[in-house]
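Chemist: Model the full structure from these sequences, guided by the hints.
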Amino acid sequence: MDEYFTAEEDDCYYSSDQDSLDGIDNEESDLQHVSSRRSSTQVITQESLLAAQREDLLRVMELLSIKEHHARTLLIHHQWDVEKLFAVFVEKGKDSLFSGAGVTVFDYQYDNTSFSQSSVMSCDVCIEDVPGDQITRMDCGHCFCNNCWTEHFTVQITEGQSKRIRCMAHRCFSICDEDVVRNLVSKKRPDLAEKFDRFLLESYIEDNKMVKWCPSVPHCGNAIRAEDDKLCEVECSCGLQFCFSCLCQAHSPCSCLMWELWRKKCRDESETVNWITVHTKLCPKCFKPVEKNGGCNLVRCICGQCFCWLCGGATGKEHTYRSIAGHSCGRYEDGKEMQMERAKKDLNRYTHYHHRYKAHTDSSKLEDKLRDTILEKVSNSEKKELKLKDFSWVTNGLNRLFRSRRILSYSYAFAYYMFGEELFKDEMSPEEREIKKNLFEDQQQQLEGNVEKLSQFLEEPFDEFIDDKVMEIRIQIINLSVAVDSLCKKMYECIENDLLGSLQRGIHNIAPYRSKGIEQAAEFYATWNSKGADKFQPLDSNCTSGETSRPEQASGSRNSEDTISSSSQKRLKKEGSFINSKVTLLDLNLPADFIDQN
Numbered sequence: 001m002d003e004y005f006t007a008e009e010d011d012c013y014y015s016s017d018q019d020s021l022d023g024i025d026n027e028e029s030d031l032q033h034v035s036s037r038r039s040s041t042q043v044i045t046q047e048s049l050l051a052a053q054r055e056d057l058l059r060v061m062e063l064l065s066i067k068e069h070h071a072r073t074l075l076i077h078h079q080w081d082v083e084k085l086f087a088v089f090v091e092k093g094k095d096s097l098f099s100g101a102g103v104t105v106f107d108y109q110y111d112n113t114s115f116s117q118s119s120v121m122s123c124d125v126c127i128e129d130v131p132g133d134q135i136t137r138m139d140c141g142h143c144f145c146n147n148c149w150t151e152h153f154t155v156q157i158t159e160g161q162s163k164r165i166r167c168m169a170h171r172c173f174s175i176c177d178e179d180v181v182r183n184l185v186s187k188k189r190p191d192l193a194e195k196f197d198r199f200l201l202e203s204y205i206e207d208n209k210m211v212k213w214c215p216s217v218p219h220c221g222n223a224i225r226a227e228d229d230k231l232c233e234v235e236c237s238c239g240l241q242f243c244f245s246c247l248c249q250a251h252s253p254c255s256c257l258m259w260e261l262w263r264k265k266c267r268d269e270s271e272t273v274n275w276i277t278v279h280t281k282l283c284p285k286c287f288k289p290v291e292k293n294g295g296c297n298l299v300r301c302i303c304g305q306c307f308c309w310l311c312g313g314a315t316g317k318e319h320t321y322r323s324i325a326g327h328s329c330g331r332y333e334d335g336k337e338m339q340m341e342r343a344k345k346d347l348n349r350y351t352h353y354h355h356r357y358k359a360h361t362d363s364s365k366l367e368d369k370l371r372d373t374i375l376e377k378v379s380n381s382e383k384k385e386l387k388l389k390d391f392s393w394v395t396n397g398l399n400r401l402f403r404s405r406r407i408l409s410y411s412y413a414f415a416y417y418m419f420g421e422e423l424f425k426d427e428m429s430p431e432e433r434e435i436k437k438n439l440f441e442d443q444q445q446q447l448e449g450n451v452e453k454l455s456q457f458l459e460e461p462f463d464e465f466i467d468d469k470v471m472e473i474r475i476q477i478i479n480l481s482v483a484v485d486s487l488c489k490k491m492y493e494c495i496e497n498d499l500l501g502s503l504q505r506g507i508h509n510i511a512p513y514r515s516k517g518i519e520q521a522a523e524f525y526a527t528w529n530s531k532g533a534d535k536f537q538p539l540d541s542n543c544t545s546g547e548t549s550r551p552e553q554a555s556g557s558r559n560s561e562d563t564i565s566s567s568s569q570k571r572l573k574k575e576g577s578f579i580n581s582k583v584t585l586l587d588l589n590l591p592a593d594f595i596d597q598n
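First residue of the sequence shown: 1, per the UniProt record's numbering; consecutive thereafter.
Some hints could be false.
Below are the DSS-like pairs computed for lysine-lysine, each with C-alpha atoms no more than 27 Å apart in a straight line [claimed, not checked]:
no. : residue 1 : residue 2
1   : Lys377    : Lys516
2   : Lys265    : Lys67
3   : Lys425    : Lys453
4   : Lys358    : Lys292
5   : Lys358    : Lys369
6   : Lys345    : Lys230
7   : Lys84     : Lys212
8   : Lys281    : Lys292
9   : Lys212    : Lys516
10  : Lys163    : Lys265
11  : Lys288    : Lys264
12  : Lys195    : Lys209
13  : Lys230    : Lys490
14  : Lys345    : Lys453
15  : Lys387    : Lys264
16  : Lys377    : Lys453
17  : Lys516    : Lys453
18  : Lys469    : Lys389
19  : Lys84     : Lys163
20  : Lys230    : Lys516
21  : Lys384    : Lys369
22  : Lys281    : Lys230
23  : Lys384    : Lys437
24  : Lys377    : Lys292
25  : Lys516    : Lys490
26  : Lys84     : Lys265
27  : Lys453    : Lys490
28  : Lys425    : Lys344
29  : Lys195    : Lys265
30  : Lys292    : Lys84
31  : Lys344    : Lys281
32  : Lys187    : Lys163
33  : Lys292    : Lys344
34  : Lys187    : Lys264
35  : Lys281    : Lys345
36  : Lys377    : Lys389
37  : Lys212    : Lys288
38  : Lys453    : Lys387
39  : Lys489    : Lys358
40  : Lys490    : Lys425
Read the hints as simulated data drawn from the structure, not as lab findings.
Modeler: Below you can see the structure in the form of structure tokens.
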């Protein structure tokens with residue numbers, strides 16, 4: 001194990017059992033600070049979606065004193081970024097804000113949108129005289145009959161224009177009142193009215209750069225809002241962990257582009273084509289690839305054509321072991337040989353990285369299957385009369401193992417593109433590429449060695465050992481957990497600063513490393529308190545503002561490290577403290593600087 005521990009990390013290790021327990025008395029206050037910190041990501045369930053949307057709408061409506069449909073149009077134009085909208089308002093003024101979003105707000109307002117039944121007016125669309133109670137006037141002042149309005153709204157909703165239904169009047173860009181649209185459409189087409197409401201509700205996600213649907217299959221119905229960092233990896237309440245930027249599975253330290261290329265390369269037949277190029281020759285007659293399975297240089301295709309394996313030229317059938325009758329191929333074709341050598345080199349390089357990527361992926365799956373076995377050993381150990389009563393170090397080590405396996409697996413996909421010529425050919429000299437490659441592979445090797453050691457100790461039958469042996473394994477697992485965390489952090493720093501620092505940072509950014517793993521999004525709770533909030537009640541009676549409900553977790557979708565039983569967590573001095581906290585209590589593997597940073 002000493003071959004993997006570096007001198008820089010010796011200070012992080014626990015040399016004795018007592019050292020590992022130092023500072024426990026102060027953990028409670030530190031954890032309270034961490035748990036009280038607001039999560040940077042939030043889960044918006046189907047029930048809380050309306051409350052989340054209403055919160056932003058009310059802020060804009062109150063600040064600008066405008067109607068809901070105008071506030072919605074402004075927010076959609078600014079991708080539901082309230083802070084950006086307010087910044088434009090402060091810098092450029094109200095008129096510029098409205099004109100930029102195509103919003104027309106008239107200073108005068110009419111008390112009633114309909115006329116009296118006794119009056120008769122002519123509709124400018126259908127050119128018919130209509131009773132006053134069948135005429136509706138929008139806040140822009142234009143009047144048309146209800147039938148024409150309804151037909152207009154129906155067409156717009158059917159064509160997917162629910163979010164910006166404009167007035168029918170010529171050159172009028174005023175947005176129609178949502179309440180009027182809903183009331184008129186619901187009388188003839190209740191289904192379209194429901195569709196209209198659904199489109200308005202989902203616009204909060206579809207047009208919001210800070211909110212995205214969870215990509216779970218089947219869909220859990222949740223959305224995730226990332227308020228601070230758009231380049232992050234997050235865990236939905238359904239258990240799915242994914243990249244918020246590209247909505248693929250969490251793939252750091254790969255950038256989104258690297259992961260997309262790697263998935264495509266593993267999925268398509270690009271390497272099959274390389275293998276065919278290396279190991280076969282095309283028949284000069286039918287142009288089908290032919291593989292040589294004997295020692296003679298005369299090859300015969302299934303179409304009957306004979307050709308020379310060395311040069312690929314068509315020949316006759318007469319030949320000896322050393323020569324072919326009437327054929328000489330002593331001329332060297334430089335371009336063709338170079339092409340074959342390049343294809344062979346690319347194939348070998350891809351095979352090298354893919355083999356190691358798959359090896360760690362398979363190891364992670366096997367360790368996931370051993371999870372229940374390891375937790376059973378924890379349960380058995382807790383029932384025994386041992387001096388050591390707490391076994392949270394096992395679950396902490398298991399969590400660290402799962403996270404580091406994932407990082408190791410994706411690090412090979414990262415290395416394939418980082419040190420290849422597909423993405424950064426013109427940005428690094430061969431000498432610079434080799435130096436960076438050696439630096440990265442050295443850190444990768446250290447991490448790999450410590451991960452394997454950690455896996456080995458976790459598989460030990462510690463439930464059958466005596467106290468001293470259990471204490472010894474405990475120290476090893478704690479030390480290795482700290483070492484793995486430190487090495488993962490250093491690898492990410494190396495990638496961000498030394499490898500990608502001077503390259504295309506705008507394209508190849510990676511999600512930051514988190515010692516406690518991918519952040520689990522907190523449930524959304526409305527925080528905007530408005531005096532006039534009661535004036536704008538939710539449109540859907542089944543979805544009350546602020547109502548939140550956590551959906552049942554998708555079966556089998558929870559990440560392995562988060563399904564670990566909490567039976568071995570530290571016992572608190574005050575029973576009942578931190579009941580709602582999602583922080584792993586008294587995590588001995590938690591770096592000291594992590595709590596300080598948070």
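Chemist: When you check the alpha-carbon spacing of Lys84 and Lys265, does it fall within 27 Å?
Modeler: violated (39 Å)
Chemist: Given the hinted pair Lys490 and Lys425, is their Cα-Cα distance within 27 Å?
Modeler: holds (25 Å)
Chemist: Can you confirm whether the C-alpha distance between Lys345 and Lys230 stays at or below 27 Å?
Modeler: violated (38 Å)
Chemist: Is the straight-line distance between the alpha-carbon of Lys292 and that of Lys344 27 Å or less?
Modeler: holds (16 Å)
Chemist: For the pair supplied as a hint, Lys163 and Lys265, is the alpha-carbon distance within the 27 Å limit?
Modeler: The given pair, whose Cα atoms are some 40 Å apart, is violated under the 27 Å limit.
Chemist: Between the alpha carbons of Lys292 and Lys84, is the straight-line distance 27 Å or under?
Modeler: Between Lys292 and Lys84 the Cα gap is close to 66 Å, so the pair fails against 27 Å, i.e. violated.
Chemist: Do the alpha carbons of Lys212 and Lys516 lie within 27 Å of each other, as the hint requires?
Modeler: Satisfied, since the Cα-Cα distance of roughly 23 Å is no more than 27 Å.
Chemist: Is Lys288 close enough to Lys264, meaning Cα to Cα at most 27 Å?
Modeler: It holds: about 26 Å lies between the C-alpha atoms, which stays within 27 Å.
Chemist: Just to be careful, I want the Cα atoms of Lys377 and Lys453 compared with a cutoff of 27 Å; is the pair within it?
Modeler: Within the cut-off at roughly 19 Å; holds.
Chemist: Would the hint linking Lys387 and Lys264 be met if the CA-CA limit is 27 Å?
Modeler: Not OK: Lys387 and Lys264 at ~53 Å, beyond 27 Å, violated.
Chemist: Assess, step by step, whether the Cα of Lys384 is no farther than 27 Å from the Cα of Lys437, and give holds or violated.
Modeler: Answer violated: Lys384 to Lys437 is near 49 Å, above 27 Å.
Chemist: Does Lys369 sit within 27 Å of Lys384, going by the straight-line distance between their CA atoms?
Modeler: It holds: about 25 Å lies between the C-alpha atoms, which stays within 27 Å.
Comparing the model with each earlier hint shows violations of hints 2, 3, 4, 6, 10, 14, 15, 22, 23, 24, 26, 29, 30, 34, 37; every other hint is respected.
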